[in-house]
Amino acid sequence: MNTMIRDTNLVFARELRPVLREPFSVVFSMIQPLFFLALFAPLLSSVSGLGASSSLQWFVPGIVVMSCLFGASMTGSNLLMEMQTGSHERSLVTPLSRPALLVGRALKEIVPVVVQAVIVVAVVVPFDFELHVLGTLVGLVILGVFCVGLGSLSYALALAAKGQDWIFWTVQQTLLFPLLLLAGMLLPIDGGPGWLQTMSQLNPLTYIVDAERALFAGTFDAGLLAAGSAAAVLVCALGVWVGARSMRAAD
Amino acid sequence: MVPSVVLMNSTSMIHTQELTKQFTVGKRTVEAVRGLDLTVEAGELVALLGPNGAGKSTTLRMLTTLIAPTSGQAFVAGHDVTGDPREVRRRIGYIGQGNGAGHQQRGRDELVSHGRAYGMSRRDARERAAELVASLDLSEVADRKVSTLSGGQRRRLDVAMGLIHAPGLLFLDEPSTGLDPQNRANLQQHLVALRERYGTTVVLTTHYLDEADSLAERVVGIDHGRVVADDTPARLKANHAGDRVALVVDTPGDADRSAARIGAAHPDAQVDVHGNRVNVRVAGGTFLLPRLLRDLDSAGVTVRSAEVSRPTLDDVFLNLTGRSLREGRAGTESSPLGVTTVHDLEVSA
Ligand SMILES: Nc1ncnc2c1ncn2[C@@H]1O[C@H](COP(=O)(O)OP(=O)(O)OP(=O)(O)O)[C@@H](O)[C@H]1O
Ligand SMILES: [Mg+2]
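As they're listed, the protein sequences go chains A and B.
At position 183 of the first sequence (counting the first as 1) the number is 183 in this note's numbering, and the numbers step up by one without a gap.
At position 307 of the second sequence (counting the first as 1) the number is 307 in this note's numbering, and the numbers step up by one without a gap.
Simulated from the structure, these hints should not be mistaken for lab results.
Watch out, some of these pointers could steer you wrong.
What the hints assert, rightly or not - Partner residues are not named here, just some residues of chain B that face chain A (Cβ under 8 angstroms, in silico):
#, residue
1, Thr65
2, Arg90
3, Gly96
4, Gln97
5, Ala101
6, His103
7, Gln105
8, Ser113
9, Ser121
10, Met161
11, Tyr198
12, Pro252
13, Gly253
No residue lacks a Cβ here, since even glycine has one placed at the ideal position from N, Cα and C.
Could you put the whole structure together from the sequences, leaning on the hints where they help?
Next up, the structure:
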């Protein structure tokens, strides 16, 4: 366990270093969700099914989950280049624990997203948004666990694509948007047809989004919290398992 | 279980049995390595030599746990590469054919984090990195982004990364490709020093025959995924290729007459005629030449020039496989691979 933490930390630190050295390289992606917020949130005031609170209160958790989803699902993209140059191979010959290679890389994608979440929340607090610090923090932890799993799956995808960019991006994009829309991230699903609601219930992300909404509003609803945490842990375990396996199988 | 362990010679650094790797590309099966048996003892410096696509990199990638063998076994540093990869990884270093440093990273950062991955403390890794940066002449570029480095500088960085944790067993896949002569010499010195200091076992592949010749005590020739030769460079050359004596005479007629006389007097010699040139491949060419010249002189043949060249490892390869090591490169990088030009004529003829 100790080596796992040490190794994860090493991988994480290595991945994050170029970002820390050139923080401006990520500034634009940092403020991207603000555009969503500014251009999309106003449309929501006329939509029903958002619950009693303000549309911002409903929308902000969704935006935070969405940026996480984008960030974590790109974990593998940094790998594509490294697979071509040989630097991925170089990390595979080291005794670093395989799960640490996955988790360290995924965590690196999560850090900017957390910063993003803080920016978003800071921007909306002066408007119609109530900040609940504890709930938000718990929400971010659940999201982090989910993203480690998603990041590992993205890593596995890059390995399966054998470093071919187009395969990676095609699959990533094809899966990302249905996942995002079906989780009711941008618009509520409740008003949709039955088949859409069924599909939404099959999407683990739905439970995470629901839990985040409750937590960001400061409600610790045991049922939602349990469902959200379970979904996150499940995706995390599955992702790391698939990722570690594909690393072994990769030729 | 038990018998296979008993069969393995536990003192050997590397021991493979029937090591095989097949790749499936579409519907085709590529047999990259076919039943390779190789034993390397601790402290040896072995060069794997073979034309492009011979299976050298695939062999190294199996020995370094990067890919799983299709069949067969390999024990490296006392551990099974498939059963116990982590223990193998702990004990080896590997410089692959590609560039090991991430392009977005800085060289020194990569060195330190690579050392840390092998369990070195931050301080040790930094000190050792500084040492290697200085001795591999990377001081100017070590703190720049790797993507801005020249090919040779990147290669030196790769070498530094492979050496940082001073492994007991080091694999290098074409470490000197892209290095200028001075840096190639420097790399060789590093390998020699590493062995003196730590008793490191070194397995490298190279396309520079002179490098294999001067550096390695043992050359393993690989062709079509199999071992075709395994000996010291000197013995390989003595056993598998004679000296080459190249004569230029006045006319093609003289050349034919000379060839007939030489052939009759030295039945072991291989004699070819190209126009007014006569090429003789024979053991002990330097001793033979004076006699040969006297004999031709007495027969009334004027020899305009005579040259004896010692055999190269390429000659050994040509003799063993019928293929020159240089063929695969098709002229693109023929210069590093030896000095004889006469040979090219023979191959293309
Ligand atoms: N991942 C792979 N998928 C399919 N075929 C492969 C793969 N890797 C290697 N091969 C094939 O296996 C054979 C051996 O390749 P290998 O890279 O081991 O050669 P090599 O001796 O290192 O050659 P070079 O001198 O060019 O580096 C080649 O025919 C190559 O095309
Ligand atoms: Mg190779």
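Taking the hints in turn, this is what the structure says about them:
1. Thr65: holds (7 angstroms)
2. Arg90: Arg90 (chain B) check passes; min Cβ-Cβ to chain A is 5 angstroms, inside 8 angstroms.
3. Gly96: holds (5 angstroms)
4. Gln97: holds (7 angstroms)
5. Ala101: holds (6 angstroms)
6. His103: holds (6 angstroms)
7. Gln105: holds (6 angstroms)
8. Ser113: holds (5 angstroms)
9. Ser121: Result: violated, 11 angstroms to nearest chain A Cβ.
10. Met161: Given a least distance of 7 angstroms, the restraint on Met161 (chain B) holds.
11. Tyr198: Violated, because the Cβ-Cβ distance from Tyr198 (chain B) to chain A comes to roughly 18 angstroms (cut-off 8 angstroms).
12. Pro252: Violated, about 52 angstroms.
13. Gly253: The hint is violated - Gly253 (chain B) has no Cβ within 8 angstroms of chain A, the shortest such distance being about 57 angstroms.
Violated hints, in rising order: 9, 11, 12, 13; the structure is consistent with all others.
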